[in-house]
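Engineer: Residue strings, one per chain:
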Amino acid sequence: MIEFNRFKLDNGLTVIHHFDPATPMAVVNTLFDVGARDESEDRTGFAHLFEHLMFGGSVNIADFDAPLQFAGGESNAFTSNDITNYYNTLPVQNIETALWLESDRMLSLAFTPKSLEVQRNVVIEEFKQRYLNQPYGDVWLELRPLAYTTHPYKWATIGKEIRHIEEAQMEDVKAFFKTHYHPGNAILCIAGNISFEETKALVEKWYGNIPGALKPERILPKEPKQKKMREKTIERVVPNDAFYYAFKMPERRSFEYYVSDIISDALGREKSSRLYSRLKKDLKLVTSINAYITGSLDEGLLVIDGKLRDGVSFEELDQALWETLNDLIVHPFSSAETTKLLNKIRTVKEFQEQGLLNRAMNLCLYELLGDANGVNEENTLYQSITAEHIRELSRDMLKKENCSVLRVKAIRA
Amino acid sequence: MINRTQQPEVKTIEHIDFIKPHIFDVTPSVPLLWMKDVPNDTVRLDLFFDAGIIRGKNSVPAIVHSLLFSGTHERSSVEIHEAIDALGGFLDTDLSFEAAVVSIYCLREHLSTISSIVANSINGLSFRENEVDDALRSMSQKFNENRQKVKNVAQQGFREALFASDADYSTVSKAEDFESVDYPEMKRFFREHYLNGLNRITLVGNVEQDTVDALIDLFGQWAMETTPVYGGGFETTQRELHLPVDSAVQSAIRMGKLLFPKTHPDYIEFQVVNTIIGDYFGSRLMSNIREDKGYTYGIGSAMMELHNSGYFVIVTEVGSDVTQATLKEIRYELERLQTELVSKEELGLVRNYMLGQLLKSADGPYAMMDMYNSVDMYGLDLDFYDEAIRKVKAITPERIRELAALYLDWKDFLIVTAG
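Protein chains in written order, with our numbering: chain B, 1 to 413; chain Y, 1001 to 1419.
So here's chain Y without its partners, still in its complex pose (with noise of 0.2 Å):
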């Protein structure tokens, strides 16, 4: 007979094998990463350019972002598309505070001819009136639904309180630039952050050298001759502010503060508090606010990374009569891990938790080269993630409570609700 209440044996993950890509230098300060051995016939190209939305006011980075493929003088978006479309690939784009990234997934056989597409519709882009205009309507639209939307009202409010201090991080769209853009300052816009903005490019693909050399060629010419300037030094000085929302049934919460880049020598330990208060569905914040009490569908937390800073965040939507119960647990939460040392069964579990996201992290090609990329961004390598290995195994409860003490001060959170 099986022992049915007995966990069979696990085995911890002892070591990772993880795989630095190949670089080249398009130029002395852009890099190409490039992982080759991929089993199938599938590519993943991205192209990173210096043209997040710390880089203009007025939505400026937004509109131009989804313009990119709007038309040139000889062909319009449809025809840009249908040329994609026929090849069987896809185009994906993706802005964040400090970057806008533009993707293309294809199978290698396709890679050329899709990229030859994507150069000519970047270099030729010719903001035909008809398209801003399309362009502005659908995000003027999308705008005044995210407005209704508790969770949206919250996160802008919180970045705007969070970055007060800087006037390019605590930039938040409003509604009027969607009525309207300035011509010149897009097309300035896009000269400096796109034609003369590329920072990186990585490729995923079982791909010849020759490939590889030509997309070097043809996007080369996009490098940015400058290295990019980050912001950093924030300060946060507001900590409570409630958003009303319109017969909202629900209330978003998202709390948090300034910390530190991820070069910072606590960033891998806080990880690890991280992951206890929120970052997995066993979390003391999922345990206690969903598991326990019912509030809410879910609630996390997230360690945020810019280049010169990062921040911790608490995100969750609840009914709108347990809000304040919430904040209250929440901070009987963090006042906890302060106060009382982790058990050993709960630091095991998540440290065993933790290698094993590390190691799914680390599978495949497309995984290892989001996960390098991640690293050398900030100007890191491999050695960060077998310092992680080390330093989760090591970590004892009085060292988690004493980065809780010094990184979780109630009084230094910034709260927003919204609803």
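Chain B on its own, in the form it takes in the complex (with noise of 0.2 Å):
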């Protein structure tokens, strides 16, 4: 159990004080409902560029990590397609130097033309270092679009293509900040050996006079329902041929996400699972094989992807994958089958629960989905899941025409 507070300041922003008493760290973490599904889709990977001039210096601190690293602390963020989150880890007894800097990028950027610059280069080194210069770093740049035809979940985080990034000006930078960049659209959490009185005293010193903003509607094209499978092959310098099969799945506040989440498990998570153990260890068709959700807020994918074994064909992967597919709902799961799934979600989540950290985060992401205690409901909904609710939503989803296939054929140079 995960105890917290909730307290709402003027301004429209929404904070969660966590108390533990047995670590000498504080954690401060902010949450913006802002991401890379609210781009225009000619100006794409913003919201990532965006979040690294967040470090390069606010309206009254030239510089944001050199007072944080002298009070014993550092910092980090990440862009999803969904949120941007940003922590800082420190000395429980510095914490006020995170209020102060997180507090002063949320009132306003310095916005200087050569952190633009900069960090423009920046993002394009690590779009060539994640996204080209590895072999089948590429794949997700292909398979969004392909898997989605109108929601922006079509692109990336780092963006369709560098020249969105190289062409960012100043005013795109300052418009993005105003809409999405204020005590409204954020959610903060102050987690560690710390009272709720001195929580709220310190966040309504530094967080109390920032002027507050409306939310921003969002409006965001709805994806039309999928009818028909989708293919694409395409032809890359790398060893062996590669398979990405991605079907659509909930969206995240509804309780068949989880059902999917542990759909995902059974299917390809272990070394004990369908996938692994049929495709893998019987027929020995691949070398690798793995199924995952993005976890997306809005309807998002999960993903079934591997590598093919020397001499096999794509087709005879498509047979088999398929025939292990359609196992799932001929013979759906024992309840002993659907226990073992669940002892597992059980073990993540304690371990999960340690980090100071990872409890903060999740009772932001739980607040922004509605409730931060939800991050204590969420064992309880997948300890609920039956044998026949996987069935029912493998039936529904593991078909054809809810499926886009990307494969790699490898190429040589």
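Since the hints were made in silico from the structure, they are not lab data.
With a straight-line cut-off of 20 Å between C-alpha atoms, the simulated SDA-like cross-links for lysine to any residue are:
no., chain 1, residue 1, chain 2, residue 2
1, B, Lys281, Y, Val1132
2, B, Lys284, Y, Glu1129
3, B, Lys281, Y, Ala1083
4, B, Lys114, Y, Gly1298
5, B, Lys399, B, Leu328
6, Y, Lys1262, Y, Tyr1230
7, Y, Lys1020, Y, Ser1361
8, B, Lys409, B, Arg230
Mind assembling these two chains? They're in different frames, but the hints should get you there.
Structural biologist: Take a look at the structure:
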């Protein structure tokens, strides 16, 4: 059970306080309700580029990191298609430094031309390092637009192409800040050995006079229901043929989201999973195979990916894969198999909850979903999943007309 | 009105509580370290074997390591994993230069059962031919994939050249290692380095004393009878090496030099020098090469530990057109440290940052176990950290310049580029 308190400032900032007397460290986590899905199609990669700029100095403080390091702390952030999350870990006696820094960059950035110019280059190098200069590195740049025709999930967080990042202008940066970076669009979590009263006083001191603004309305184009299977084959200089089967899955707030998570575990999380055991061990068609979900807030993807063994064709794999998936419907899980999957969820959850940072991030994410207490209800939701739930959702989800297949054909340089 | 231009008061860390685990003798030379105070049901058990990369040729250590749970005469690999999964347990394995580690993560009520499954799987490992073939294929594919990654190419080349004087430490995998395997050699390696190769157990978890005793009985059968001997006195002769990788849009740089083991009197103070150069986000290399020039997504430095040696390394991936410009800036930063004194402000910041990191590294039973283990393994104890606090607080700009001059001479570096 993760205990917490919650309050809201007049300017709209939601604050969650989580008390943990056992650690000398504190976490200050800020979630902004903006991600790559909020970008316009001709300016992709912007939410992530912006995350980099948030470290380039704010209106009253020239450098974000140095004062935090001087206080014995460190900071980082990540951007997804849905959210942007900033976190600081530091000794609890210096927590005020983190609030000073975070509140100032929520108030306003410095917007220096140098910061934009440098971070544009850094992000372009990140694009090359992670997406272009790795074998199979660009598959998500191909898979997203195949699986989504309309919804902004069709582009990756890094952006559709390097050109969009190169063309980013200061006026775009300022407009983005004005729309998305204000108290009403943020959730702040303070975690550590610090009382509720002290938390409240410090938050009011540093955030209380930041002007509020209206939460931007989010009207995203809705992805039409997929009616037939989509397939695409690309040729790349890679060692082996690879495949990616992406199925549309229910959105984050639904019960079926959790069922999809369990289905992906059953299919390909561990070395006893169905696809691993059937396709790798029995039929020897693949050298690796995995199943996982994207974890998106809107309708996400359940992905099965893997590499073909030398001499095996995509057709052979395709046939065996659909047979194994079909088997999940014809020979559904026994309750023993279901229990096994739920046992793993329990272990993972216990380990995750050990980390203060993890707790703080999860509280913010659940608050975004509607209620921070969801973090305490998650395990009960998982444990209520039955073999019948799994069978029903597998039948509706794991079918060809709901699937997009990307194949990477290996060619020589 | 609050003053937003002034940083709130910062309190320095005066003292950190380091907690020593309980230590039991599995045999006189093989310890079990136990951290008992865990506030929940989680448990981690690590088994350390003298089966690291340096202990064999032709990738045999890596192959055997990947086969540990591949099945016995009675149970297939899938059945073994099913049995562990059914109890909600996770296995993790890690292979480094001087050690191979098998870890169990689970809830405490399942520790005994999962430990028995692990013990039986390793004791009865039968090297089933289909499993060996499957492992070789997967490893071969992975090897080919890594050959396309500039980072891996540079890393392998660096290791070969840095440890050129020692055949065990400079050994790297070759494509033919995964084409077929020498069964007798594989089995011999397994017997010698696993069934008689356990040299340390660590346990974090709020379990009963009886459980710990049972673990000692169960795994004690694999305890090493001799004390492992590790290499040292390495020599690097080569200075520059470029490894071409087709159509790469970035180059990997990996440069470094042999240094000293953790027991060396300059180790802690040099850690301060290392932090200033490249071991935190505000380091000289990050500030110059990422935050000023935008040449890279990241650049960092580290001190790597071995039992009788150690090395300093700088690692980055940069746009192919700026490889030489990056090397020039690295050289500039290393030379600047040897000639100019670090400012009071920078040293104050690095000092506080390092103490904050140390506090974080001692936070909670899992972190504390890793921290204790990483000194105990080299014959040191918790005094190391108390001394670290003292030395980090006392180091002067002059001493930093002196250490930089002593250990960071550009002409001593091995520079490997791939791309």
